[in-house]
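From first to last, the protein sequence lines are chains A and B.
Numbering that gives the first Met the number 0 puts the first sequence at residues 0 to 169.
Numbering that gives the first Met the number 0 puts the second sequence at residues 0 to 100.
Hint data in this document are derived by calculation from the structure and do not stem from the laboratory.
From the three backbone atoms N, C-alpha and C, an ideal C-beta is built for every residue, glycine too.
Among the hints, erroneous ones may be present.
Just a few of them, taken from the derived set where beta-carbon distance is under 7 Å, the chain B residues facing chain A [said to hold, decoys possible]:
no.	residue
1	Met22
2	Ala23
3	Met37
4	Ala42
5	Leu61
6	Ala83
Derived coverage of chain B by chain A (criterion: at least 3 residues anywhere in the stretch with Cβ under 8 Å from a Cβ of chain A; other residues may be distant) [stated by the list, open to error]:
no.	region
7	11-21
8	24-36
9	43-51
10	54-60
11	92-98
Covered stretches of chain A (chain B as the covering partner; in silico rule of three or more C-beta atoms under 8 Å from a C-beta of chain B) [what the hints assert, rightly or not]:
no.	region
12	13-20
13	30-36
14	113-119
15	125-135
16	139-151
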Amino acid sequence: MVDSVFLALSVITIGSAIVALEVRSLIYGSIALMITLSGVAGFFLLLDAPFVAMFQLSVYVGSIAVLILFTVMLVRRELIFNKVEDKRRRYAGIGLMLALMLGIGTIIIGSGLKTMDTNSPMVDYKKIGEDFLTYYSPALIVMGLILASSITGAMTLARREDVMDDQRAN
Amino acid sequence: MTNALIDFILVSVALLAIGIYGMAVKRNAIRMLFGIEMIINSANLNLVAFSRYIPNSQGQTLALFSIAIAAAEVAVGLALIIVAYRMYRNIDIADFRSLKG
Numbered sequence: 000m001v002d003s004v005f006l007a008l009s010v011i012t013i014g015s016a017i018v019a020l021e022v023r024s025l026i027y028g029s030i031a032l033m034i035t036l037s038g039v040a041g042f043f044l045l046l047d048a049p050f051v052a053m054f055q056l057s058v059y060v061g062s063i064a065v066l067i068l069f070t071v072m073l074v075r076r077e078l079i080f081n082k083v084e085d086k087r088r089r090y091a092g093i094g095l096m097l098a099l100m101l102g103i104g105t106i107i108i109g110s111g112l113k114t115m116d117t118n119s120p121m122v123d124y125k126k127i128g129e130d131f132l133t134y135y136s137p138a139l140i141v142m143g144l145i146l147a148s149s150i151t152g153a154m155t156l157a158r159r160e161d162v163m164d165d166q167r168a169n
Numbered sequence: 000m001t002n003a004l005i006d007f008i009l010v011s012v013a014l015l016a017i018g019i020y021g022m023a024v025k026r027n028a029i030r031m032l033f034g035i036e037m038i039i040n041s042a043n044l045n046l047v048a049f050s051r052y053i054p055n056s057q058g059q060t061l062a063l064f065s066i067a068i069a070a071a072e073v074a075v076g077l078a079l080i081i082v083a084y085r086m087y088r089n090i091d092i093a094d095f096r097s098l099k100g
């Protein structure tokens, strides 16, 4: 049985996900996306994974959503409002969404996952830290290098080369 | 645990379907990025849910890696959108036709 906290969280998460895609202004859309990501962090708390939940809050809500907000503010004002979309494309998309939900949902409900339940204690998050520093330590180093190179790449991409240094000073 | 595994999986399926809808229908590049974010989040939710119910800590470790890589992906994606906006003065992907190979 689901409890009320779970029900409220799922309504908030899925509702704000729809709002994020459908609201007219991109700024409200990114704020709704922020609420969706916080809702997923709430699910992580319900799943007894507080470390992942805090990571999600600090990385997604704290940095990615703010980065998206800044990018939205960089583009011209009339572009952040929705244009009229192709109606047929939109209905086809809604049909695809419902078909996916019903199809995968039926398969999952029909599968053996329904009986899966647990009374085991939660996973100790000290174990995650140990894993990171022992078995996964090469992967951790590679992840750090990927992050550093992607940030450098993003800065190189977004840099303007046609602006001279003396103009940049103004 | 009062919630069963299947509830979390069903929420994740709904999030996945909404993300795919956003990627299929929206023509605004930033909104397509929203769809990608939702798909990544549904995958992470799956990983953590299975890691709770199996139970094994490896799923949480993998989810942490996935969140960090998603951060890198969004940074590069937004930089690409800014470059494309500078070239075309627009973020509508229908206008990016000359990017075709």
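Status of each hint after checking the structure:
1. Met22: Constraint on B/Met22 not satisfied, violated at 9 Å.
2. Ala23: Since the shortest Cβ distance to chain A is 5 Å, the answer is holds.
3. Met37: This interface hint holds because 6 Å falls under the 7 Å limit.
4. Ala42: violated (11 Å)
5. Leu61: Because about 9 Å separates B/Leu61 from the closest Cβ in chain A, which is outside the 7 Å limit, the hint is violated.
6. Ala83: Since the shortest Cβ distance to chain A is 10 Å, the answer is violated.
7. 11-21: holds (count 10)
8. 24-36: Coverage by chain A holds here, the residue count being 10 at a Cβ distance below 8 Å.
9. 43-51: holds (count 6)
10. 54-60: It holds, with 6 qualifying residues against the three required.
11. 92-98: violated (count 0)
12. 13-20: holds (count 5)
13. 30-36: holds (count 3)
14. 113-119: holds (count 6)
15. 125-135: Satisfied; 5 residues make the cut.
16. 139-151: holds (count 5)
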